[in-house]
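S.K.: Sequence:
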Amino acid sequence: MIAYLDGKLAYKDPTLAIIDVQGVGYEVKISLATYSKLPGEGEKAKLYTYQHIKEDAQALYGFLDPNEKALFMHLISVSGIGPGTGIVIVSSMSVGEIRQAIVQEDVRSIQAIKGVGPKTAQRIVLDLRDKLRKDELLAKAGVETVPLARQHNTNRSEALAALVTLGFARAAAEKTLDGIQQKHGNDLSVEELIKFALKSN
Numbered sequence: 035m036i037a038y039l040d041g042k043l044a045y046k047d048p049t050l051a052i053i054d055v056q057g058v059g060y061e062v063k064i065s066l067a068t069y070s071k072l073p074g075e076g077e078k079a080k081l082y083t084y085q086h087i088k089e090d091a092q093a094l095y096g097f098l099d100p101n102e103k104a105l106f107m108h109l110i111s112v113s114g115i116g117p118g119t120g121i122v123i124v125s126s127m128s129v130g131e132i133r134q135a136i137v138q139e140d141v142r143s144i145q146a147i148k149g150v151g152p153k154t155a156q157r158i159v160l161d162l163r164d165k166l167r168k169d170e171l172l173a174k175a176g177v178e179t180v181p182l183a184r185q186h187n188t189n190r191s192e193a194l195a196a197l198v199t200l201g202f203a204r205a206a207a208e209k210t211l212d213g214i215q216q217k218h219g220n221d222l223s224v225e226e227l228i229k230f231a232l233k234s235n
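With this note's numbering applied, the sequence shown corresponds to residues 35 to 235, in that order.
Bear in mind the hints are in silico, worked out from the structure with no lab data behind them. A quick note: this is a predicted structure, and the numbers were derived from the prediction, not measured. Each residue gets a CB set at the ideal place from its N, CA and C atoms; glycine is no exception.
Derived Cβ-Cβ restraints for the label pairs, each shown as a range:
{"hint": "1", "residue 1": "Tyr38", "residue 2": "Gly219", "range": "37 to 43 Å"}
{"hint": "2", "residue 1": "Asn220", "residue 2": "Val58", "range": "38 to 44 Å"}
{"hint": "3", "residue 1": "Glu61", "residue 2": "Gly219", "range": "31 to 37 Å"}
{"hint": "4", "residue 1": "Ala91", "residue 2": "Asp140", "range": "31 to 37 Å"}
{"hint": "5", "residue 1": "Lys217", "residue 2": "Tyr38", "range": "35 to 41 Å"}
{"hint": "6", "residue 1": "Val55", "residue 2": "Asp221", "range": "33 to 39 Å"}
{"hint": "7", "residue 1": "Ala205", "residue 2": "Glu139", "range": "33 to 39 Å"}
{"hint": "8", "residue 1": "Ala205", "residue 2": "Gly151", "range": "19 to 25 Å"}
Using 30 Å as the maximum straight-line C-alpha spacing, the simulated DSSO-like pairs for lysine-lysine come out as follows:
{"hint": "9", "residue 1": "Lys168", "residue 2": "Lys233"}
{"hint": "10", "residue 1": "Lys63", "residue 2": "Lys165"}
{"hint": "11", "residue 1": "Lys42", "residue 2": "Lys80"}
{"hint": "12", "residue 1": "Lys165", "residue 2": "Lys233"}
Hey, can you work out the whole structure from these sequences and the hints?
M.R.: Here's what the structure looks like:
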């Protein structure tokens with residue numbers, strides 16, 4: 035298993051990074067929190083990774099914060115949650131918010147995330163609340179996203195591409211982003227646009 039990648043950031047978008055490690059480019063699926071904290075392209079970056087292997091595909095999932103990787107690993111240990119849903123969950127809320135929701139048995143907040151139904155949200159709480167209560171002190175290290183200073187139309191197009199990658203139909207994603215920008219204005223970062231969209235379903 036690949037535990038981490040330490041190299042140069044060759045490419046990034048809100049759902050994907052390519053890390054160049056001595057001439058080999060590793061494509062890594064990333065969360066919004068990781069995207070918001072990655073350095074500029076061409077700079078040094080280290081991602082803690084999880085390698086997911088299926089019969090017909092392999093994928094790497096990467097996180098700048100080891101706490102975020104640990105939470106992701108907890109989430110995908112729950113029956114019915116694959117890495118795709120796990121990455122959507124850690125992209126929708128900060129590590130601290132997710133841990134708090136689970137520990138406080140706030141099923142409603144968890145089920146507000148795209149792709150997480152009531153039964154799955156209840157299963158997450160039942161399976162993980164005791165594990166997370168044990169290390170609740172670590173849970174207070176929440177991940178904050180940093181808004182990027184870019185033109186709002188670039189942010190919108192990046193958010194749209196990310197939402198399509200995460201499973202939204204393009205037309206539905208565009209309609210959702212229209213509603214978000216009407217309600218919250220055009221100065222939202224890519225991360226904020228995607229978070230609002232993930233919670234609006």
